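Colleague: So you can see what is in the structure, the chains are spelled out below.
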Amino acid sequence: MIELKNVAFTYQEKIVFQELSLKVEKGQKVGIVGESGCGKSTLLRLIAGLYRPAEGGVTVDGENDPEKISQKVSIVLQTPMLLPLTIRENITMGHAFSEEWIRQVCAASNLTKWIETLPNGIDTYLGDRADELSGGQAQRIAIARAMCKNAQVLLLDEPTSALDGENAAAVLEALDHFGEDKTVLHVTHRPEHLVGYDRILRMEGGKLLEANASCAWRAVSL
Amino acid sequence: MDRRVVRILKSLGLWKRFVVMLILRSPFDFLNAVLGANMLERFLRIAQQQDAQNLQRNFWSFLLFTVLLFGYNATIWATVSVRADMLFHERLRTRLFETMLSQTQQEMEERSAGDWITRLNSDVDKTANYLTEPINFMHRSIAIVNLVLSSVVLMILNAKLYLAAILVMIPFFFLGAVIVIRKIPTYRKKAQEAFATYVSWMEPIVNAGEAIRIFDGGQITLQKVEEASKEILRENMRAHRLTAFSSLVNIFSGNLGYLLLLLMGNSMMGSEVRDFAQLSKITQYRGEMMRSVMCVSNCQSRMKANLSGAIRVEEVLGKKSQ
Chain A
1 MIELKNVAFT YQEKIVFQEL SLKVEKGQKV GIVGESGCGK STLLRLIAGL YRPAEGGVTV
61 DGENDPEKIS QKVSIVLQTP MLLPLTIREN ITMGHAFSEE WIRQVCAASN LTKWIETLPN
121 GIDTYLGDRA DELSGGQAQR IAIARAMCKN AQVLLLDEPT SALDGENAAA VLEALDHFGE
181 DKTVLHVTHR PEHLVGYDRI LRMEGGKLLE ANASCAWRAV SL
Chain B
1001 MDRRVVRILK SLGLWKRFVV MLILRSPFDF LNAVLGANML ERFLRIAQQQ DAQNLQRNFW
1061 SFLLFTVLLF GYNATIWATV SVRADMLFHE RLRTRLFETM LSQTQQEMEE RSAGDWITRL
1121 NSDVDKTANY LTEPINFMHR SIAIVNLVLS SVVLMILNAK LYLAAILVMI PFFFLGAVIV
1181 IRKIPTYRKK AQEAFATYVS WMEPIVNAGE AIRIFDGGQI TLQKVEEASK EILRENMRAH
1241 RLTAFSSLVN IFSGNLGYLL LLLMGNSMMG SEVRDFAQLS KITQYRGEMM RSVMCVSNCQ
1301 SRMKANLSGA IRVEEVLGKK SQ
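Residue numbers (the numbering used here), protein chains in the order written: chain A, 1 to 222; chain B, 1001 to 1322.
Quick caveat, the hints were computed from the structure, so don't treat them as lab data.
Please read these numbers as outputs of a predicted model, since none were measured by experiment.
Hints are not guaranteed to be accurate.
[As the list claims (entries may be wrong)] Below, a sample of chain A positions facing chain B; criterion: calculated Cβ distance under 10 angstroms:
hint, residue
1, A48
2, T92
3, H95
4, A107
5, G127
6, R145
7, C148
[Said to hold, decoys possible] Covered stretches of chain A, as calculated for chain B (at least 3 residues, CB under 8 angstroms):
hint, region
8, 62-76
9, 83-89
No residue lacks a Cβ here, since even glycine has one placed at the ideal position from N, Cα and C.
The task is simple: from the sequences and hints, build the whole structure.
Modeller: Following this line, the structure appears as structure tokens:
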């Protein structure tokens, strides 16, 4: 379960949130929409323990220490953030996983075919110019990395924004499949990507609004 | 001088200035050697004659020459060389930036950020060191002049002792030169490449910090940075070991030659060698030859090491001309 209680957060002297509260039950799929710059990505980073609230508290599965929260979540960001390592190392980040598991996550993130075309396969060194990969390839590696960690909380920050329609559909399908038994928070500009989600939230003026059954927005409260 | 460095100097419009600088500095060491050798010979002779007045007169004359010689070195030449050094750094960095900016984004992306940073910093410094670092090109040229002239003087003074000095010197010089000078640039170049990899990690550490934290990638990141860092150290250590070996060879060769000259000189005393004062003078010139050979050897190895920077700088400058 994810819980934010009266969270206040300031970024570079600008108030982003004040008294922000949210509760997401275990296994729930929650979509978050809103204008650019309204704080959607910041919210995910707060939940992931990357940012620390000025006031209030963030807990993930009962844990409120940001370092420990980071261990409980996986994240796919708009930019893939790959490192000058091999594909395998980018996926596992140097941790020990079974070959079978790595093979599964590569298949789930539609990487297998492309990897098979590379001379060194999954051990191909991406170098420090990983951004030379196509947006789709890089993002699918980032998704494989998130899948490989297999955390119970999956945070998605516009994971398909840099992808074309076909790639985006494949990535979304892979993420839907992977996130079936997980708690998912998905930030997007495109509400059509949130079909089948349990809850849709809209961020506006530093507040979270929730659509009710008649599609009217009301403030989220605990 | 390496043709690549000549091309860089010409492209920066500093070639003529560099040649003038070289001419201004070249005779210094030899004049110093002549002064030292003659002073020793004359002082020993006067001391034997116990002529205090003459000794004092000679002392003041030599002091005046020494002051003039070092005064010239510390003022005129130092000013010229420092200005040339500054100008070289300034023009080379500017030219590199211009070349980088004139390239397309695609060409820029052919090299990593770390590679560019290394070329702009340590490679420029290395190229400048090749030319202006006191013990490099400039001193090698001065040492060669000193070596040739000291050899001529020693040959005139005593051909047999000159031959003995040369026979000891040559094998050791070539041993050091062949082993050390050929291998050092390879190690230094590898160290530079490792440095580029090391610097290349700075950007991802900053830009992908969030992914590193969430996916607990600190350990692998650190491991890779350490690998690059160890590689720099490893290659530099190899180069240092070779340099140390070269110094050892030089010292051994120096002492062996000195001993040989004293033994031979002693047996020639009164015939081919006039007196102990003249033998001291001969050993002074041999000392100068030895010092020059060591200087050439050290300068050569450092120049070769710094040449790796010049090669990388020229790769960029050459791209513009294409």
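Colleague: Is the interface hint for A:T92 satisfied, with its Cβ closer than 10 angstroms to some Cβ of chain B?
Modeller: OK, holds: A:T92 within 10 angstroms of chain B, min 9 angstroms.
Colleague: So is the region 83-89 of chain A in contact with chain B by the C-beta rule, three or more residues under 8 angstroms, or is the coverage claim wrong?
Modeller: n = 4 at 8 angstroms, threshold three: holds.
Colleague: Quick one, is the A:R145 hint okay against chain B at 10 angstroms, beta carbons?
Modeller: holds, 6 angstroms
Colleague: Hint check: is the beta carbon of A:G127 less than 10 angstroms from a beta carbon of chain B?
Modeller: holds, 7 angstroms
Colleague: Using Cβ atoms only, decide whether A:A107 comes closer than 10 angstroms to chain B, and label the hint accordingly.
Modeller: violated, 20 angstroms
Colleague: When the nearest CB of chain B is found for A:H95, is that gap smaller than 10 angstroms?
Modeller: At 7 angstroms from the nearest chain B Cβ, A:H95 passes the 10 angstroms test, so the hint holds.
Colleague: Is the hint on A:A48 kept, meaning its closest Cβ partner in chain B is under 10 angstroms away?
Modeller: Nearest chain B Cβ about 6 angstroms off; hint holds.
Colleague: Tell me if A:C148 is really an interface residue toward chain B, meaning its C-beta lies closer than 10 angstroms to one of theirs.
Modeller: Holds - the Cβ of A:C148 comes within 10 angstroms of chain B, reaching about 8 angstroms at its closest.
Colleague: Quick check: do three or more residues in the region 62-76 of chain A have a beta carbon closer than 8 angstroms to a beta carbon of chain B?
Modeller: holds (count 5)
In terms of the numbered hints stated before, the structure departs from hint 4 and from no other.
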